[in-house]
Each structure stands twice: as C-alpha cells, then as structure tokens.
Amino acid sequence: MLNQTPLQFYDRRALRINPCKTCQPVGALYAALGVHRCMPHSHGSQGCVSYHRTFLTRHFKEPAIAASSSFTEGASVFGGGANLKTSVKNIFDIYDPDIIAVHTTCLSETIGDDLNSYILDMTLSEGKLVVHCNTPSYVGSHITGFANMVAGFIRYLSLKSEEKSQKIGIFPGWINPGDIHELKRLVAVMGLESIILPDQSDVLDSPMTGTYSMYPEGGTTIDGIRALGSVKKVLALGPSCSFEPALAIKSKCAVETDLIEAPIGVVNTDNFICALSNLSGQGVPSELEAERGRLIDLMLDASQYFFNKKVAIYGDPDTVVGLCSLALELGLRPKYILTGTPGEAFVERINKNLDIYGAKEGVKVKASGDLFELHQWIKNERVDVLIGTSYGKQIAKAEDIPLVRLGFPILDRYGHSYQPIIGYRGAMRVAELIASALMDRIDRDCADEDLDVVM
Amino acid sequence: MDIKSAILSKYNAKVFKSRKDHILEIEADQTQSIAANTRAIPGIMTNRGCCYAGCKGVVVGPLKDTCVITHGPIGCGFYTWGTRRNKAKSADGRNFIQYCFSTDMQEPDIVFGGDKKLKAAIDEAVEIFKPKHVMICSTCPVGLIGDDIHAVAAAAEKEHGITCLAFSCEGYKGVSQSGGHHIANNGLMKKIIGADDQSPIGQYSVNLLGEYNIGGDGWETERILKKIGYHVVSVFTGDGSVEDISKSHRADLNLVQCHRSINYVAEMMLQAYGTNWLKVNFVGLKATIESLRNLAEFFGASELKDRTEEVISEEMALIEEDIARYRQRLTGRKAALFVGGSRSHHYQELLSDLGVETVLAGYEFAHRDDYEGREIINQIKEDADSKNIESLVIEKDKRYRAILTPERYEELKKSIGLEQYSGLMRQMKDGAWVVDDLNHFETEEFVKLLKPDIFFSGIKDKFIIQKSGLLSRQLHSYDYSGPYSGFKGAVIFARDLVMGLEAPAWKLVTPPWKKKKELLDA
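From first to last, the protein sequence lines stand for chains A and B. Sequential numbering from 1 applies to the first sequence in this note's numbering. Sequential numbering from 1 applies to the second sequence in this note's numbering.
To be clear, the hints were calculated from the coordinates, so they are not data collected in a lab. Even for Gly, the Cβ is constructed at its ideal location relative to N, Cα and C. There's no promise every hint is true.
[What the hints assert, rightly or not] 25 Å max Cα-Cα, derived DMTMM-like pairs, lysine to aspartate or glutamate:
hint : chain 1 : residue 1 : chain 2 : residue 2
1    : B       : Lys515    : A       : Glu217
2    : A       : Lys360    : A       : Glu344
3    : B       : Lys10     : A       : Asp96
4    : A       : Lys379    : B       : Asp306
5    : A       : Lys366    : B       : Asp123
6    : B       : Lys14     : A       : Asp98
7    : A       : Lys397    : B       : Asp92
8    : B       : Lys413    : B       : Glu290
9    : B       : Lys398    : B       : Asp197
10   : A       : Lys128    : A       : Asp114
11   : B       : Lys227    : B       : Asp306
12   : A       : Lys379    : B       : Asp123
[Unchecked claim] Calculated Cβ distances over 12 Å to all of chain B for the following chain A residues:
hint : residue
13   : Glu109
14   : Ser117
15   : Thr221
[Stated by the list, open to error] Derived coverage of chain A by chain B (criterion: at least 3 residues anywhere in the stretch with Cβ under 8 Å from a Cβ of chain B; other residues may be distant):
hint : segment
16   : 45-51
17   : 57-71
18   : 128-138
19   : 302-313
Sequences and hints are given; from them, build the entire structure.
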C-alpha cells in the first residue's frame with residue numbers, strides 16, 4: 001500500500017498528491033441541502049453535480065438531490081444564461097421546490113457568467129425563489145463553498161429589522177446531522193430558541209418509512225432565514241465555515257455576531273455553553289453540568305491510555321481545530337495537524353492551543369497540505385493513532401496505525417453521521433472511539449501472557 | 001392512460017418533446033428505434049456524468065503503471081480517487097491507482113495559464129515516482145483558457161524520456177461520459193497500442209476489452225480463460241497497464257465486454273492491425289458459456305473446444321447446487337436495470353439465469369447501437385455534440401495481419417456473430433420498458449407503475465429507491481461486493497440479491513403500533 005511514497009521530502013510546488021480537500025461546489029451543495037424544500041443547483045457541466053451528489057450520498061448513505069445546468073460546448077462558448085433559465089423552469093415544473101440555490105463551478109466562473117443579472121432577469125411564480133453564490137473551484141476548498149452558500153442565502157433573504165426577537169441565530173458550520181440534533185438539544189436545554197442555518201438534520205438522516213420524500217421534514221425554513229435578520233445575536237461556530245456568513249448577516253442586517261470555535265472538546269463546548277448562558281441570562285441547568293461531569297469522569301478514568309500517545313489529525317479546519325483541542329484535553333500528544341484547505345489562520349489557531357499546553361515542540365502544523373505529505377511525516381516519525389477521514393485508511397494500512405474516522409468524507413463506514421462529535425456527549429463519543437482504538441491495539445499487539453481481561 | 005403518457009404528461013412541452021423518443025415499450029415483432037446520446041436537459045436530475053469522467057474516471061484511471069495527472073482545480077481529481085473499485089495488483093508493488101495526482105489549479109493559473117504549473121507537476125512526478133508513463137487529463141477550465149497540454153506532454157517526453165499522453169477531455173465536451181471514452185480510446189490507439197513488438201505472445205492470444213476489473217470481475221474472467229488455455233495479452237483497462245496494452249496489437253482476437261466504452265479501439269485495431277473482435281458477455285451463466293464456446297469456435301482448434309467443454313462442466317459442477325437454491329428463492333421476481341453502457345444488457349442475462357424478469361432497462365450514456373444493434377450505426381446522424389469528439393481516420397498498419405480466410409470470416413460472422421453486437425432491445429420481452437438517460441423523476445414514476453422487486457442502479461439514486469421500500473443494488477460498484485462475472489461470480493450475485501431481499505430489517509420498517517392502527521382502520 002502506497003509503496004511509492006518515499007521517505008525523503010521533496011519541495012513540491014505544482015503537484016498535489018492525495019488531497020485533503022475538494023472543491024467549493026460540493027460545500028455549497030451540502031449547505032443548500034440544509035434549507036427546507038430547497039433544490040441545490042450546479043451551474044456548470046453535469047459531471048460536477050454527479051460527483052458531488054455521489055460523494056455526499058456515500059458519506060451520509062442518504063439521497064442528496066441537486067440539478068445541473070448541463071453545459072455543453074456551446075454553452076461554454078456563448079454563456080450559460082439560457083441553460084440556467086431552462087433549468088429553473090424545469091426544476092420548478094417537475095420537482096416543485098420552494099427555492100433553488102444556485103452555485104457556480106470552475107466552468108461558469110472561467111467564462112464569467114453573471115449570475116446576478118441572470119437571476120434578476122427571471123420571472124418567477126409567486127412564492128418561488130432563486131438565490132445564488134459564487135463558488136469558483138480554483139479558490140479555497142469545499143469549506144469555502146459551504147461558507148459562500150450560507151452567506152448567499154443571507155444576502156438574498158435575511159431581512160433587517162429594528163425590532164429584535166428573543167431568538168438567537170446559530171451558524172453551525174460543516175457538521176453532520178447528528179451534530180445538529182445535539183446542537184438543538186443543547187440550545188433547548190439552555191432555554192433558548194434558535195434559528196440554525198443551515199440545518200441538515202432530518203434531511204440527511206431522514207428515517208426509513210417506506211415512502212421517499214424529495215423534501216424531508218428538516219432544513220432551515222425560508223422564513224427562518226428571513227428572520228435571521230432580527231435575532232438578538234448570532235453565534236457563528238468555526239471561523240473557516242462561519243466567518244463569511246457572520247460577515248453577511250452583520251453587514252446586511254446589523255445583527256451582532258460572536259465568532260467562536262465549534263463546540264468540539266471540553267473547553268470549546270464550555271465556551272459555547274457560556275455564550276448561550278449569557279444570551280439566556282440563565283445559569284447552566286444541572287443536567288448539562290452532570291453531563292459535563294460524566295465526560296470529565298471518563299477522561300480521568302481512561303487517562304492512562306491517552307497519556308502521551310502521539311496523534312495525527314487531518315481534515316477540515318474547524319473540525320481539526322476542535323479535535324486537536326479535545327486531543328490535548330485527553331492527554332494525547334498532537335504530532336501532525338493538517339488541513340488541505342488553504343489559510344494560515346488555521347496554523348495560528350492550532351498553535352495558540354498547543355501553546356496553552358506547552359505542547360508545540362516537534363509538532364508539524366500545516367494548512368494547504370495533502371495526505372501524501374502527512375504520510376511522509378509519519379514515515380519519518382510514526383504516530384500511535386490517526387484521526388480523520390476515510391482517505392487516511394491507506395496510510396493506516398501502509399503503516400499499521402489505527403484510524404479513528406471523524407470528519408468529512410467518511411465513505412467506508414455506516415452510522416457515523418447520526419452520532420455527534422460536538423458538545424459533551426460528542427466529546428464522550430470521540431473519547432470512547434479513540435480509547436477503544438488504542439486499547440484494541442494493546443490487546444492485539446501484546447503477548448498472550450500480557451493480555452489483561454481487566455483494563 | 002398508458003404508462004408512457006402517464007409519465008410524459010407531467011412534463012412541460014419542451015421536456016415532453018425531448019423525452020418522448022427516449023422511452024419505449026418493447027413490441028417483440030416490431031423493429032423499434034430509440035433516441036439516445038443526445039443532450040441532457042438542463043435542470044433535469046440526470047444520472048449522467050461528464051467527458052472527464054468517461055476518460056479519466058473509466059478508461060484511463062485503472063492503468064496501474066501510469067501516473068495520471070488531472071489538470072484542473074482539485075475536485076475532479078479528488079472524486080476519481082479510488083472510487084470506482086477498479087482492482088489492480090502489480091508484481092513490483094508499484095501501483096499508481098492508490099494515488100491521486102492533480103495540478104490543483106488556483107486563480108492565478110486560470111488567469112495567466114496553467115501550462116507552466118502542469119509542466120512543473122510532471123517534473124515533480126518524474127522526480128518523485130520515476131514513472132515510465134504519465135498521462136494528463138484536462139478538466140473544464142483548461143480548454144477554456146487554452147492551455148496546450150499536448151505541447152506540454154510532447155516536451156515532457158523529450159525531456160524525461162517517458163511516454164506522456166494528454167487527453168483533452170474537458171467536462172463540457174459531448175453529452176455524457178461517452179465522449180470521454182472515445183477520447184481515451186483515440187489516445188490509446190495513437191500512442192500505446194502497437195508500441196511493443198518484442199515481448200513474447202502465447203498461443204490463442206486475446207485482449208479483453210472493456211473490462212475494468214470492478215470488484216475483481218476481470219480476474220475471474222481471466223482465471224477461466226487461462227484455465228482453458230488462452231493467453232490474455234492485455235486488459236483494457238482493469239488491472240491494466242500501458243506495458244501490456246503496448247503489445248495488444250499482436251493478439252489474435254479482441255474480446256469486447258463493455259461495448260460502449262471500448263468499441264472504438266476494437267474497430268480501430270481491426271482497421272489498423274486486422275485484429276478481429278468478438279462481443280462477449282461474461283456476466284451470466286448461459287452468457288459466459290456461449291461466449292466461451294464462440295471464442296473456441298473462432299480459433300476452431302478441437303483441443304480448445306474440448307477443453308472449453310471440460311472447463312464449463314467443471315465450473316458448473318461447483319456452482320450448480322448453489323445456483324439452484326438461490327434460483328428457487330428468486331424466481332418470479334421483477335427487476336429494473338439502469339446502469340451505464342452495457343451492464344443493463346449483460347445483467348439481464350444473469351437475472352434470467354436466476355429466474356428474475358427484467359421489466360425496465362436503460363442506459364445512462366449509450367448510443368442507439370447499444371440498444372438497437374450495430375447495424376444501425378450508419379443511420380445515426382451526427383450532431384453538433386458528436387462532431388466535437390474526434391473520429392480518427394485509421395490506415396492499415398504495416399503489421400496488419402488477417403488470421404482468417406475471407407470464407408472463414410464470413411462463416412464466423414454468421415455462426416458466432418463476429419464483429420457484431422445486437423444490442424439490448426432484442427434481448428427484452430414484449431411489454432418490457434426501455435428508457436434512455438432515465439432521470440430521477442422517471443425512476444420514481446416507473447417504480448410506482450411497474451412495481452419491480454429490485455432496482456439496479458447507482459449510488460445517486462440507490463437511497464431514493466431504498467427509501468421507497470424497494471431493494472436497490474448498485475451495479476457500478478456492486479455495493480462493495482463482487483466479483484459478479486463468470487461462474488463463481490453468478491453465485492456471489494445471487495447471494496447478494498437474496499441477502500438484500502431477505503434482510504430482516506425490511507419487516508421492521510412499519511412499527512407495531514402503526515400496523516395495529518392499519519388493521520383497525522381496515
């Protein structure tokens with residue numbers, strides 16, 4: 001496996017090998033699926049949306065709907081205005097969504113299609129909407145596309161209001177439906193009402209009933225997006241995913257925003273709960289405190305198995321920052337921290353955390369990296385456990401290192417997207433997964449006489 | 001209202017007009033014609049992919065000894081990394097298909113041109129991996145900004161002493177993956193096929209064309225062919241290599257499994273080298289047996305024919321009991337098939353072995369000949385989209401050799417259908433439905449109207465169908481199972497169907513309190 005990956009480094013400037021990111025449009029598609037009765041639409045050649053639907057379906061094991069402008073050579077030369085117009089008509093005629101969320105592709109961006117004017121020129125039926133965002137695949141990553149689509153919804157729909165409601169807004173960032181369910185529970189326990197944008201819960205984890213529904217129960221409603229303009233505050237979780245949306249709601253609707261790390265790990269969840277508590281003006285209910293206490297209890301009980309174990313964490317920036325934080329709290333030693341998404345802010349966020357624990361020495365942190373490089377690092381100095389997406393399984397097999405699958409995409413396991421990694425419960429799950437991976441390894445590798453039934 | 005009108009009636013006038021000729025009900029005593037290989041309709045959720053997917057994703061991607069660099073932004077390369085289950089093993093442990101290579105184009109590359117980055121990427125690949133062969137596949141923006149990838153490839157060949165082959169397979173070309181297959185076929189023909197005149201070739205030599213070794217199908221087919229005594233010179237392209245394909249022109253016969261994706265190579269090799277081709281199907285028991293017998297007939301040697309019968313008996317003896325058991329549990333079930341270019345045809349044969357009737361079948365990106373048979377090829381009118389895909393003019397190579405006498409050739413055309421393909425429709429029963437480029441809406445409607453027990457399709461509609469309470473199995477990836485080819489593969493396929501249909505959870509879908517209510521309501 002990966003036999004051709006050499007030990008010695010080579011200063012690559014042009015060749016990307018085994019990427020740890022994908023392109024913007026898939027992020028926009030995922031964000032759009034978190035809006036109720038929304039049809040995501042890819043303005044480009046149909047191959048893009050075929051790949052994106054495939055990838056999301058493989059991760060969630062759920063239908064991921066989206067349409068395409070199906071560019072041919074002609075449209076690529078003369079512009080895709082006619083294709084978009086036809087698409088919008090056909091989508092409303094046949095699939096009857098309430099809203100179409102268009103994102104661009106490298107194709108339509110390169111030819112310079114002006115989506116704003118195309119959409120302004122459209123005559124839509126009463127109550128039907130078309131919004132868009134620009135997602136050039138040659139800028140940023142799928143995370144950038146996610147952020148751009150959320151900001152696109154806000155720019156088109158959120159309404160400024162002098163009167164503020166009692167509700168709060170939450171930009172959850174790119175997390176799984178299981179995380180959003182947990183997010184909603186936490187907000188409810190804290191006695192608050194919220195509008196979450198986007199919200200893929202009950203969309204990409206819809207129950208099996210024997211009846212397929214193109215637009216399941218879940219998703220942020222259009223009214224909800226409008227009302228985001230009048231919430232008393234927005235908590236924007238994870239700077240990589242939520243900075244752009246926070247900027248959009250601030251500039252369009254003058255809504256106050258707090259940009260904090262995603263609630264992954266104890267301290268990040270504490271910060272999130274404190275922010276909720278400030279907003280509710282109420283204390284933290286005892287049930288939540290007990291939940292937190294149980295998590296800390298588990299962390300202490302199992303701490304000897306975490307202590308000083310070297311870990312490589314890779315994936316999307318907000319997720320990796322959170323997981324790195326949790327790793328430090330568990331007593332693990334982050335050794336390699338990598339994201340494929342560009343942006344040096346990632347390195348600063350990780351380093352800040354490493355500094356707190358005095359754990360910066362010998363650690364490699366990289367944005368805009370790839371899994372080929374991560375593998376080379378590991379070949380030079382190995383780690384005890386890998387944490388990240390399915391594509392790390394090649395490295396895990398090549399180097400015989402346990403892999404804990406977390407993040408996007410996970411294409412080779414079932415059920416992961418139903419379970420949270422956020423909040424205290426999520427941290428408990430991650431801690432259990434990591435501990436089990438490490439302890440299974442001890443059992444596998446030890447001599448017969450050393451096999452302990454009690455650990 | 002009949003089924004076709006019921007479905008089409010929900011469309012607006014323009015969509016109605018575009019779709020009406022893509023749907024037909026088989027009338028066994030009629031010569032029927034279907035529209036295919038035309039543009040997908042913007043906004044309609046088609047399952048089709050693009051030209052790049054056909055070229056890089058299908059044909060070029062599986063080559064294990066080649067560093068295939070996607071020239072474009074990161075997505076396209078990423079999505080074709082290890083996702084098609086093309087299995088490959090290499091003797092020296094060097095296997096490029098575990099890797100994803102991309103130029104990961106950024107905004108400045110789009111603005112100022114990406115050819116410099118492409119050149120640098122090749123240099124780096126050569127330095128790090130020392131490949132003998134590099135291929136470049138372009139994505140949409142490359143064609144638009146006009147990067148001359150062919151010039152970069154030519155320069156790289158000179159500089160590094162490698163084979164470097166570029167494919168202009170931008171996603172917007174053609175109407176589906178199909179254009180990409182053709183472009184890939186052209187590239188292999190121009191540059192790779194015919195490059196090696198030295199390596200030894202055994203007796204009864206064949207190439208296996210259009211076998212991508214998904215789930216290990218190619219290995220199972222090769223096992224049987226070798227057992228009989230054939231020399232499989234090369235496979236296009238599952239577990240394939242440039243090294244093997246370079247000597248493919250010296251094989252006696254081309255076996256064509258997937259007609260759509262590789263028929264161009266078969267035809268071009270016939271013209272250039274005189275290599276005859278035979279349409280085979282190693283999916284299904286009767287189909288495999290017939291293919292093996294036709295193959296033996298082509299060579300005509302009695303030792304080969306005898307050995308073929310021996311192997312068939314041996315292999316059948318191993319599986320007969322299992323097949324009979326599964327057949328009993330599957331007989332009477334109805335299936336719908338919607339796959340890419342040939343499987344919707346091939347799997348009807350295997351299903352029929354198992355007593356399952358096909359009520360609906362269609363291709364994602366086929367041409368009319370895949371439905372109606374090759375004899376209608378000259379009736380297909382060229383349009384703006386098909387004209388954009390180059391058709392090579394092939395001249396007779398100096399190494400041309402015809403191994404059949406003209407009389408024998410005519411005889412074999414009749415007896416084994418040499419160089420013919422009769423298409424999917426003739427296989428199907430009266431009253432069954434054929435739908436080209438079946439889309440999401442039509443899938444849902446046909447499921448309701450025809451009520452199949454199993455729907456074979458791909459990942460994008462798998463869960464749509466499954467959520468409707470119907471078993472859906474992927475025939476692109478085999479739902480991570482396989483091989484499904486040959487004799488042993490048939491058993492695995494049958495087991496997977498029974499396993500899917502009899503999964504205990506189907507009976508748990510409705511909770512007891514709802515069942516009770518339904519009873520009371522009744």
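Comparing the hints with the structure gives:
| no. | hint | verdict |
| --- | --- | --- |
| 1 | Lys515(B) to Glu217(A) | holds, 22 Å |
| 2 | Lys360(A) to Glu344(A) | holds, 16 Å |
| 3 | Lys10(B) to Asp96(A) | holds, 12 Å |
| 4 | Lys379(A) to Asp306(B) | violated, 54 Å |
| 5 | Lys366(A) to Asp123(B) | holds, 24 Å |
| 6 | Lys14(B) to Asp98(A) | holds, 22 Å |
| 7 | Lys397(A) to Asp92(B) | holds, 18 Å |
| 8 | Lys413(B) to Glu290(B) | holds, 15 Å |
| 9 | Lys398(B) to Asp197(B) | holds, 12 Å |
| 10 | Lys128(A) to Asp114(A) | holds, 21 Å |
| 11 | Lys227(B) to Asp306(B) | holds, 12 Å |
| 12 | Lys379(A) to Asp123(B) | holds, 23 Å |
| 13 | Glu109 | violated, 8 Å |
| 14 | Ser117 | holds, 18 Å |
| 15 | Thr221 | holds, 22 Å |
| 16 | 45-51 | holds (count 6) |
| 17 | 57-71 | holds (count 13) |
| 18 | 128-138 | holds (count 3) |
| 19 | 302-313 | violated (count 0) |
In the structure shown, a violation is registered for the earlier hints numbered 4, 13, 19, in ascending order.
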